[in-house]
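S.K.: One letter stands for each residue in the lines below.
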Amino acid sequence: MINFSYTIWILLLPFLMFLLLGLAGHKLKAKLSGLLGTFGLGIITFLSYLTAYKYFFTSEKIDGAFQKITALNFTWLQFTDKLHIDMGVLLDPISVMMLIVVTTVSFMVHIYSLGYMKGEKGFERFYSFLSLFSFSMLGLVLATNIFQMYIFWELVGVSSFLLIGFYYQKPSAVRASKKAFIVTRFADLGFLIGILILSFNTKTFDFISLTNPSGAAISQGSSIGFLGLSVMTWSMIFVFLGGAGKSAMFPFHIWLPDAMEGPTPVSALIHAATMVVAGVYLVARMFPIYAISAPVALDVVAYVGAFTSLFAAVIACTQTDIKRVLAYSTMSQIGYMMLALGVAKYGGETGLGYMASMFHLFTHAMFKALLFLGAGAIIHSVHSNYMTDMGGLRKYLPITHITFLIACLTISGIPPFSGFFSKDEILAAAFQSNKFLFAVEYAVAGITAFYMFRIYFSIFWGKDTQYQHTPHEAPATMTIPLIILAIGAAVSGFIPFNKLVTSDGKILETGINLVIAIPSVLIGLLGIGIAYIMYRRESTIPDKLAAMFKYSYKWAYNKFYIDELYLFVTKKIIFRYIAVPVAWFDRHVVDATMNTIASVTQGVSFRIRGFQSGQLQKYAFVFITGAIMLAVLFIYLWK
Amino acid sequence: MSSGTFLIMRHELLLIAAALLVLIAEIFGNPEKKSRISLFSIILMGIITAVGFLPSPAGELFGGMYVSSGTRLIMKNILNIGALLVFIQSVTWLNKKENSSKVSEYFILLISTLVGMNLMISAGHFLIFYIGIELATIPIAALAAFDRYKNKSAEAGIKLILSSALSSGVLLYGLSMIYGTTGSMYFNEVSGLFHNNNLQILGFIFFFAGMAFKISIVPFHLWTADVYEGAPVNITSYLSVISKGAAVFILMIILFTVFPVIVATWQKTIFVTSILTMTIGNLFAIRQQNLKRFLAFSSISQAGYIFLGLIGGNQLGMASVIYYVLVYIFSNLGAFGVVIAISNATGKENIDDYNGLYHTNPKLSLIMTLALFSLAGIPPVAGFFGKFFLFTGAAQKGFYLLVLIAVLNTIISLFYYLLVVKAMFINKSENPIAAFKSDFYTRFALGICVAGIVITGFASIIFEAIRNLSFGI
Amino acid sequence: MDILSLFVVIPVLTITAILLLKDTRQVRVVSAFGMGLQLLMAGTLVFLYLSARHAGNSDEMLFVKDYLWFKSLNIHYSVGVDGISVAMIALTSLVVFAGIFASWEVEFLRKEFFVSLILLATGVFGFFISIDLFTMFLFYELAVIPMYLLIGIWGTGPKEYSAMKLTLMLMGGSALLLVGLLGIYFNSSPDANRLTFNILEISKVVIPLPAQRIFFPLTFVGFGVLGALFPFHTWSPDGHASAPTAVSMLHAGVLMKLGGYGAFRVAIFLMPEAAHELSWIFIILTSISVVYGAFGAIAQKDLKYINAYSSVSHCGLVLFAVLMMNQTAMNGAIIQMISHGLMTALFFALIGMLYGRTHTRIIYEMGGLMKIIPFLGVCYVIAGLASLGLPGLSGFVAEATIFVGAFQHPELFYRIVTILAVSSIVITAVYVLRVIAILLLGPTTNEHFEHLPDARWFEKISVVTLIGSVAAIGLAPFWLSSMIGTSLHPIIDKIIALNPF
Amino acid sequence: MNSGIPLQYFLILATVMFFTGVYGFLTRRNLITILMSVELILNSVNINFMAFNRFLYPNKLEGMFFSLFIIAVAASEAAVAIAIIINIYRRFTTINVEDVNEMKF
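These protein sequences, in sequence, are chains A, B, C and D. So that you can map any letter, position 364 of the first sequence is 364 in the numbering used here, and since no number is skipped, the others follow by simple counting. So that you can map any letter, position 147 of the second sequence is 147 in the numbering used here, and since no number is skipped, the others follow by simple counting. So that you can map any letter, position 464 of the third sequence is 464 in the numbering used here, and since no number is skipped, the others follow by simple counting. So that you can map any letter, position 63 of the fourth sequence is 63 in the numbering used here, and since no number is skipped, the others follow by simple counting.
Since the hints were derived computationally from the structure, they do not count as laboratory data. For every residue, glycine included, the Cβ atom is placed at its ideal position computed from N, Cα and C. Hints are all accurate, no fakes.
Think about it this way: if two alpha-carbon atoms lie no more than 30 Å apart in a straight line, the pair counts; the simulated BS3-like pairs of lysine-lysine are:
#, chain 1, residue 1, chain 2, residue 2
1, B, Lys428, C, Lys111
2, A, Lys170, C, Lys301
3, C, Lys22, B, Lys428
Just a sample of chain C residues kept apart from chain A, beta carbon distances all over 12 Å, derived:
#, residue
4, Ala17
5, Leu19
6, Asp23
7, Thr44
Here chain A stands alone, though its shape is the one from the complex (with noise of 0.2 Å):
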């Protein structure tokens, strides 16, 4: 047994180092907290790639399969002698895979950042944010329990919050870190009901236990039945609702593109690799449990998958500010993961869908990272988000052209980029089991090739726009990044996930399977030329189509109108039509009530004055009446 108790400080440096630059960072120079936030972060991932190191080549599997390892863990929150909060490490394929990804990836940005950021109002104050989220996503990828997982999801929540806001006296930006709080905030109330059923049924939030495909707790509750499914599976869809606020499944997806409106290593970093996967992640983590006890939930997650990749493509290819093209780009691929995991079964063969899922999550975090610096690197040198106001950059931006090529083939799956592998898994595994989703699939790669390609050429080629300014290749802070992850966006399909990353941890026999690979290939090259056709040079091709389908493309154009929906519940019905009604109540009905009591009290002392007449006969009448009235009560009344 190889002894992984070192991990804690995987955990324990972000956060100090958040501690660190939070509380102490406008005393020290802007720079130096920068270069602190990096090197700490550069430690973890050093740290990072001992632990998969040692866990996928030297840790011992038992029949084939990798062992869930419990590096430490302690108890931080005791509720009864069964359920307790533990704080811990939990090392298995898919958490140390997303150790990998989360450092990686978080690793590039700060150093990226180092450029993007400088001279910034507030760069310590990233620098911390950053710490903080690191240290959450790292505690959410690494918890031992459901409920820890839980605490950091809320974390992560809120670093994303607080990034997304970074630029806290830009309006839209507050707008839309509230938004992304609150809209994922009402998924996590979705995560914690199905926690709180779990729980119930369950007695245990040990994922261990918990998923332990031949377990006690894994059945428990699949027979009680409730509302004609059974508790298992609303727990598990509730906890699904969680994992698709996260990752911005519809119709949760509304945060996500005005999440951009956070500095752009933030969104690669959060909402394009790591936190938005965290659904997936859960999906996954949970697996067990939806494969066995709750597979009406996993249709769910499949559904939902496959429509929300399609939805999102869609919008993609309309919208014009070019973070927000990548951002629904982003939701579309998501929809991949959960489509595979949905179609998955536990172990074996049918597995492949959850092995595929790990795979493309891997995949499209380096490429979508990749993806969004190069669109930082751009902005930066255009200072513009709208693709309307770019054009011909491939002279000015080279390392910024290619890598975003590169980019740009990966997610279209060209071979021999990593994409094509990821996403062919994905397919086969549709293929297998739901001819139907695998159709919208292969329509949603086509969708996917076209509008990268879109962006591409109308960026790196199109009309030759006159800048007022010439733009200028990033320095070299942000290009060595984009070098890195490029390489490994090229290169990282080549890992060999089905030995390493599976359902049920054993080795699992896959191949290309040019039946599904090689239509693939085609219909993404298909989707890459039309968009050459329409985007390479000037063209009206595009307006007359917008013309033509003028209704349709208005919609798409318009997100479909789902934020005008949820604005109208939000402001509408919630605000007008309950709490200010409800606050209209307090005033009105309930304090009234008090208040008329106190001035009923008034008003009657003002009534009966007048037996105090000042008459002296009136009182002798009033004495002896009472007397009488007295006496005839208890003599003949109320004796």
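Based on these hints, arrange chains B, C and D on the given structure of chain A.
M.R.: Relative to chain A, chains B, C and D alone:
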């Protein structure tokens, strides 16, 4: 008369002696130095009060017409303390020149009422009781009309004397019924011969009405406010505390000793009347502007609370009533003391005049606040303990509903007490009562009151003493 | 002199010291010193308590001292603490300490202000240490009354009205309470000759069920009024809005906790059968206050109103959890009391400081303050995050415990209601973020605010004290929850006896 | 003692007198008259006492004594009352009871 006799009825005898001494002092004393008389009578009263606490044997006189026991002694002592305080409080007022000619009358009359009350408390026979109660009432009427040049004073006098005459008429009529049905006026005999027939109940109700008049229980209370307002402040305080206390005591004694047979009836009676009293008293108090009138109504509602102690007909209730009267004496005299001091200094008696008093006369306002809180039953002052024990006494016999109504009433009362506090502390005023320094007597009296308000509650020994002594009446 | 009584004696001495002072400038120093001492004492008490427990002292109450007071009624002055009261005492001393500094700049009648403030504190401390219903009630009312003057004299807005309303409604509560206590007292012994007010002794006997049916509601509602139980909560918004800073802090932070504490230490503990029988009524009421308070907060414009309504919601959660009547939920209730006490005090302190600078509490009249007064801004954000239950701050610990506990309830109805209550976390997030966004973020709206000064040293003391403790609980809840948990056992055992979970 | 008027007659007389007195008290406007009606009430009580004593308990004299005392007390009461009434007349220059209501409510 043997020395034993003297010992037994020393309260009355000493008081009579005191009255005579004051009279002699009036006759032979130096007409210029009238003010000395007040000091003299205060000293006498002080001595009597002190002597009252000496141990004395329980016993009977005049064939059981006069009874003395531990309980009754406590009651008398409490009354004496109150009277002493009133004496001290009156000095400043008496030193004014329009009163300087009537100092001795004032004290003689007061003392004689005190004699009446003591006599009445010691009654073992309705005749003594009747003599006592009249002796306690008639001089008060004269005192109420003491300010000969004030219309209100005269009006107060006539209202008091006539309505009390009527009430004693009714009371006597009731007694005659009881006499007719039992053939005796001895407390112990009557209780034996009592058996709950209509005529007796009628008699009881009429008797009760007569007593309720003295305690100013609704609906027999209407004279109270006017008389309190009209009479000189000192007399008002005396009426509101001493007379009321004495009447409560004797009513309690008679209820417990004479009418145990019809306990069910008088519990109902008290139930109804106490609810009426608390509520009506509070409702009237809310709107009052004149502080004397205000305190009059507050004292009415206080009487209602006191009845909660009676209703149980139990030891605890009895003890708590006696205790509460003691507390009430301190609290109410404290409040009145402030009113007296201010009306002596400025002649102002309205709540509005008190606006911003705290900023000019902080001490007085604090004492007032303390007294009012004690009346409202706010801890940690004595009033809280008093009320708590009263309620406990009622609750012991299961009158939870009554207790609930009572405590809800205390909220109303708290409201109007707070109005005064608000006036003194919060309200702003362009011409507040100017800061003034009151003389020794006032400060002394107020000091005693404050001490009483604070100590009586915490020092459990006082309550315990009352509790232990008051076994049997 | 036992250590517990010191908690009453020290404030009293402080008061006398203040009264003897001639120079009003020293007043605040003296009070700060006295309350600092109190804070020290609280720390010592926590330490002593834990060490005593560690030494294996398993009595229900520790440091018990008992003096016979009114022999004939068997009324004692008896004090004693278990983990719960220790925690509450610590909370109180923290809030009071912070409150002193928050009201550092009171000018008008300074002496009187601090006297009444500390008097209020005295009542609260007395309430938490006493285990005799009579003394408990005494201190309870003692704590309520100074509010009137504090709000009436030093308050703002319609202060007389609010003060009167608050006082009368709370007194109304204590009126019901008094009847309830008397009822308990006269049923406290099977043979009516050993009647007692002592909680521990009463808890040993079973009060006959018919009596419980009458007196449980009285007691519970009586305390509930102070705990802002719907629909008896309306004193809270007005009261808080009109009260001066420190008073709001103490009131929302500590005084409202008397309600929750009493509801569970007296009502539930002594009359579990009725509690179990009638809990559904109050569960409905409390869950209403949880959601309703949160919604009410969304629509408010005045910072203090927002906070008052959120207090309604949070305190509703306390009573809600108490009524679930199982170990975890009750544990959560206590933690929630403490956490809410700290963070709401923090809120009111900050609001007071903002008001002191901007002279408005209407959120729309402020904006973009974060840039101008970063320290206060950040503190406000932290307070907000604590109140929306962010992990790592105390709010989360409390709410998680409550929800998990409540959801363990065997009956479906209770679980569904729980889900209703859980949903409040979203609403909370909405109004907290709404305020933060309007108040602190965005561009600065009012140029007059451009040069507002950031926090002064005494303000920093006050705020940092509170934030420190909020974070401490949030990061390391285990010691607190275990301290409370062990003390809950006797109570739970008494309940378990009748409804086995 | 069975000769002459039976007890009931006395009682009826007394009752009638009592209520006459009450009626007078309530209706007369002149303070003196009101005082007289009070006397009427007290006398009715006296009659009661006498009659009861004479008819029911002839061997004891409590009733008799009681009425004696009542008479005496009534006299003193009247004295004080009249004194005050005189003062009233000085102040208000009337002894009409309705005019004597400076204080009310």
